[in-house]
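Those protein sequences? They're chains A and Y, same order as listed. Quick note: to get the numbering used here, add 77 to the position in the first sequence (first position is 1). Quick note: to get the numbering used here, add 16 to the position in the second sequence (first position is 1).
Each hint can be trusted.
Here are the simulated DSBU-like pairs of lysine-lysine, each with C-alpha atoms no more than 35 Å apart in a straight line:
#1 Y:K73 <-> Y:K27
#2 A:K92 <-> A:K119
#3 Y:K33 <-> A:K119
#4 A:K82 <-> A:K135
#5 A:K119 <-> Y:K27
#6 Y:K73 <-> A:K148
#7 A:K119 <-> A:K82
#8 Y:K33 <-> A:K179
#9 A:K145 <-> A:K92
#10 Y:K73 <-> A:K119
#11 A:K135 <-> A:K179
#12 A:K82 <-> A:K134
#13 A:K92 <-> A:K179
#14 A:K148 <-> A:K134
#15 A:K82 <-> A:K148
#16 A:K145 <-> A:K82
#17 A:K92 <-> A:K148
#18 A:K119 <-> A:K148
#19 A:K119 <-> A:K145
#20 Y:K73 <-> Y:K33
#21 Y:K27 <-> A:K179
#22 A:K179 <-> Y:K73
#23 A:K179 <-> Y:K31
#24 A:K134 <-> A:K179
#25 A:K119 <-> A:K179
#26 Y:K31 <-> A:K119
#27 Y:K31 <-> A:K82
#28 A:K82 <-> A:K179
#29 A:K134 <-> Y:K73
#30 A:K119 <-> A:K135
#31 A:K82 <-> Y:K73
#32 Y:K73 <-> A:K145
#33 A:K82 <-> Y:K27
#34 A:K179 <-> A:K148
#35 A:K148 <-> A:K135
Since the hints were made in silico from the structure, they are not lab data. It should be emphasised that the depicted structure is a prediction, and the values quoted were computed from it without experimental measurement.
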Amino acid sequence: QQQVKQSPQSLIVQKGGISIINCAYENTAFDYFPWYQQFPGKGPALLIAIRPDVSEKKEGRFTISFNKSAKQFSLHIMDSQPGDSATYFCAAEGGTALIFGKGTTLSVSS
Amino acid sequence: GAGVSQSPSNKVTEKGKDVELRCDPISGHTALYWYRQSLGQGLEFLIYFQGNSAPDKSGLPSDRFSAERTGGSVSTLTIQRTQQEDSAVYLCASSLAVGGGYEQYFGPGTRLTVT
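Just chain A, with the same shape it has in the complex (with noise of 0.2 Å):
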């Protein structure tokens, strides 16, 4: 059973567009979402992270917004520049590990 659905597997976006990445979660007991960025051949790491008291959380050009009642969850990344092509991953915690989604590789085209 997924419990954490990512959508679209791969994204093109030139540079300076907007870049959305989506996620939809089903266990109500998640409180915690953060999204991670993979280079190839590193781990992940942490990009920017939310919980459902908020329904937006801005960093620099990383927004996450959140709609707790449709239990969905996006990244969208601002002035997108070629610097961010990756993989994303957004994931839901409950209280003990990490539950990812299935990953988003985003390439930006300069």
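Fit chain Y to the supplied structure of chain A, relying on the hints for placement.
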């Protein structure tokens, strides 16, 4: 400071052989996790350790997989009688504690190839 380290970085083994993968967590982190990353499948939780508590083994895919953590620090993931479907990148992560929104810091992974 030093991050999470894993060894070896790459491991090629023949089907049926046993392998051991090592993880050195960040000093002071009481929680240690193992995940498996297969192509197109995201990161799959395998097992976690929290301090001296019994590990949560709920993600281990079969009894061929086991892990231990000695002295609350270094951990070893063992796969017995390896199968081709075990080929994947095995990632280790550590955090100050389990859950609670504590950031998990990942190592670079061990790429396992079973021929």
